[in-house]
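What follows is the residue order along each chain.
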Amino acid sequence: MSRLTIENLTFRDRGPYSLEIDGGECLGLQGASGAGKTLLLRAIVDLDPHTGNLRLDDMQCADVPAPVWRKNVAMLPAESCWWLDVVGDHFHNFGAVSTTWLTDLGFSRDVAGWQVSRLSTGEKQRLAILRMLENKPRALLLDEPTASLDRENSDGVERLLIEYGRINNAPLLWVSHDPEQLDRVAGRCLFMQADGRLEPCGGV
Amino acid sequence: MGVKPLSAFDLSLAAGLVLALAICSWRLRLGLEKRLAISALRTTVQLLIIGQVLRVLFAHASFPFVFLISMVMLLVAGREVGARQHRRIAGFSGWLLGTGSMFVSSFAVAFFALAVVIANDPWYTPQYAIPLLGMLLGNTMNGIALSMDRLTESLWQQRRIVEQRLLLGQTSLEAIHELRQQSMRSGMIPIINSMAAAGLVSLPGMMTGQILGGSSPMDAVKYQILIMFLICAGTGFGVMTAITLTCRKLFDDRQRLRLEALKKR
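So the sequence lines, in the order shown, correspond to chains A and B. For the first sequence, position 151 matches number 151 in my numbering, and the numbering has no gaps at all. For the second sequence, position 20 matches number 224 in my numbering, and the numbering has no gaps at all.
So that you can see chain B by itself, here it is in the shape it has in the complex (with noise of 0.2 Å):
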């Protein structure tokens, strides 16, 4: 049993609401109605092309071919969470450690979940590999971004509290605890709450997609439990080593907050 197919006049009516949202922004004048022609657009720009993409991956699964798209994944992704933070971390080594922790975490976790869990054959299948990836990035790029940004911004706001805790000669870990703590939980706290609602405000959007493909509801639930955990995973791990690289980054060899090290956007 297949999906009932949609045709572009079907899709054009969808458009057609957001068409109306587009016009009531303008009279409302909130300023929107640009941003929503150029996200709506891309987002059927994007979503064309991938499906090209995926057909051909599909058709050749080769381990290079799964290998190079999940890097080009990785590096959009990493260039979004630079992107989103107000303060960041100067130069290359600011991307490389929004970047690299997102890899280890997604990376490690999807091919756990693909080698080990899931178990298929070759284990990069990419009907597998590609959505299961896409979901863990996405959701680890939000956490990383979140909590790297309120590190460096309450860093930055409250640098004259850090330097007056260390000249009382606390180390460097003690006196960004707090801070620490914080952004690590605001990184952490959206897929713990997703965790909590799930099947009771919200039915998870690959869920809905598994069903509405044809699978049956329970084969589609158990594979949604097993992607809130990866994702529960991916983006704790992510997180914890995104901010603990962050706080050595913006602290030297002799305990010294080195904020010139962050750049404003």
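One chain only, chain A, in its complex shape (with noise of 0.2 Å):
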């Protein structure tokens, strides 16, 4: 059981939000643009200064170096950046990488020897995904991940993402704008207000 708990999180003039994912479980997150969902994201993965109290499990945030803590607790930013010139190069060992993961994304093993400036918005997202789960993370928080992508590649990327919360007990954060999305891979949904309250989804 791995169980992404946050109690009374604040960070800048937002909060204090108090959040638990079970492993395994996918929380949708909506909201309106600027609301602060990002915010949100980067305050849990420890990117930006907070207080409260962060824990995976027994694991707490403030306990572990904060590289250890953002490998285990993984954020996909909406835009990835690249910044050698050789995909494979930004992975630790890419030859190690599951082929069933390369597959849902719909990559060959080829993929490695791509040059970063030729790939498409798209590509670069879903082979973002590839890296971050290449680190093996025992939580998700994902930002708008499936937003570039057509909706064959979104197909791919929800049941890749899904299937590795359910393999490996991993809870989830998901950031969407596409409510049916939400419906499809989330079992709970929360609604960020503009002023960052969290409530139920459709209890506006």
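Quick caveat, the hints were computed from the structure, so don't treat them as lab data. Misleading hints may appear alongside valid ones.
Far from chain A, by Cβ distances over 12 Å, these chain B residues were calculated [to be verified]: (1) Gly220; (2) Tyr332; (3) Gln362.
Partial selection, computed: residues in chain A whose CB lies under 7 Å from chain B [claimed, not checked]: (4) Asp46; (5) Leu47; (6) Ala66; (7) Pro67; (8) Arg70; (9) Lys71; (10) Met75; (11) Cys81; (12) Trp83; (13) Asn135.
The beta-carbon is built from N, C-alpha and C at its ideal position, and this holds for glycine as well.
Take the two lone chains and join them into the complex the hints point to.
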């Protein structure tokens, strides 16, 4: 069982937020642009200063070095960044990346040699998911993971991420603007108001 | 044998060249004539003043006086480092960072050269101490300003990449490894280049002055080699210190990139 527990999380003028996501559960998060969904994810992954308690199982965020926390609680940003010339160089060991993941994302193994400068936005996004999963994170924070993808690729990504959460018993926090998508992937769904307050979806 | 003295008339002849340049700049609308005039005036006034100060200093070679002058030089250099940066670390800590790195490297290297290598009695003999420290500070200042500007600017532009790397679990040092390398290199390349070109392309200013002053070329050359090594070491260690401290300043204890510490000029 690996449960992500967020207690009295505050950052900037936001919060306090208290959430629990069970292992294998997917919590959907909707809200207007600029409401602060990304800021919430950044605080949970400890990329922005915050107060309050973050816990994955019995691992306290404050007790482990930040890189360890971020490897365990991974965040997929809405737009990925690449800093080397070739795709494969961004991975620790591309050869060990699971073939199932590659197929689900629509790539063959020779994608490792592709030039980053020639990738489309959608290819970058799917490869960013692969790059994130290579760390074998125990919880996923997903910031609009399929926003730049067409229907077919979007379905593949949904399948892969849900399957990853189920097999690894990992909690997922899934930000999306698409209510239908959240219906498909998430068991529960929260809506973030413009002032940052969280309410159950459809309750407004 | 002394150097042939220059009269005010001699200098005004040379000033005529600068004036001619200013007129050309005005005709070509370069817009540089005002800055040219101010800079030429500053060079004249500042050098005349330092000439008087050095005259007094050489007559009374007391340690407190030498120390006071060198502190003034350090403070001015520290101000200059801050002024040359597009985005600098705000507040006192930013100033302290540049000035502190300059102090540590320049003063340590200057002390080593004066007390161990040249070994005058007393070691702070101002005829040696002040020009040596001046050259060291001037070059270290350039190196540190260049490298810090490079680091803060590239961090600003690539902050999303750095954060992406942090998200993937890299440490702050891993995430800015290349930026750190590049900025240290950019601070050290000028002095490495001028060491490589010394004597072939340019005759360094200090050596030229010494020869004009009547020293034998070989004596002048040996001093120039000493100065080159000192400047190289001073700049290099100063740059490394400044960049290391800046990197530390721009991340917090949870390895988050904290660019709000930077202030745009």
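Given proline 67 of chain A was flagged as interface, is its beta-carbon under 7 Å from a beta-carbon of chain B?
holds (5 Å)
Are cysteine 81 of chain A and chain B close enough, Cβ to Cβ, to be under 7 Å, as the hint says?
Since chain B brings a Cβ to about 4 Å from cysteine 81 of chain A, closer than 7 Å, the hint holds.
Would the hint on aspartate 46 of chain A stand, with a C-beta cut-off of 7 Å toward chain B?
holds (6 Å)
Restraint outcome when alanine 66 of chain A is required to lie within 7 Å of chain B by C-beta distance:
holds (4 Å)
Methionine 75 of chain A as chain B interface residue, shortest Cβ-Cβ below 7 Å
Hint holds; methionine 75 of chain A Cβ to chain B Cβ min 5 Å, cut 7 Å.
Chain B contact restraint for lysine 71 of chain A - C-beta distance below 7 Å:
Hint holds; lysine 71 of chain A Cβ to chain B Cβ min 4 Å, cut 7 Å.
Distal placement of glutamine 362 of chain B relative to chain A, Cβ over 12 Å
Non-interface label fails for glutamine 362 of chain B: nearest chain A Cβ at 8 Å, not farther than 12 Å.
At a threshold of 7 Å, is the proposed contact between asparagine 135 of chain A and chain B supported by beta-carbon distances?
Since chain B brings a Cβ to about 6 Å from asparagine 135 of chain A, closer than 7 Å, the hint holds.
Against chain B, is tryptophan 83 of chain A within 7 Å by beta-carbon distance?
For tryptophan 83 of chain A, the interface hint holds, since the closest Cβ of chain B sits about 5 Å away, which is under 7 Å.
May I ask you to test the interface hint for leucine 47 of chain A with respect to chain B, counting a Cβ-Cβ separation under 7 Å as satisfied?
Hint holds; leucine 47 of chain A Cβ to chain B Cβ min 6 Å, cut 7 Å.
Would the hint on arginine 70 of chain A be counted as holding, given a Cβ-Cβ threshold of 7 Å to chain B?
holds (5 Å)
12 Å Cβ clearance of tyrosine 332 of chain B from chain A:
holds (48 Å)
In terms of the numbered hints stated before, the structure departs from hint 3 and from no other.
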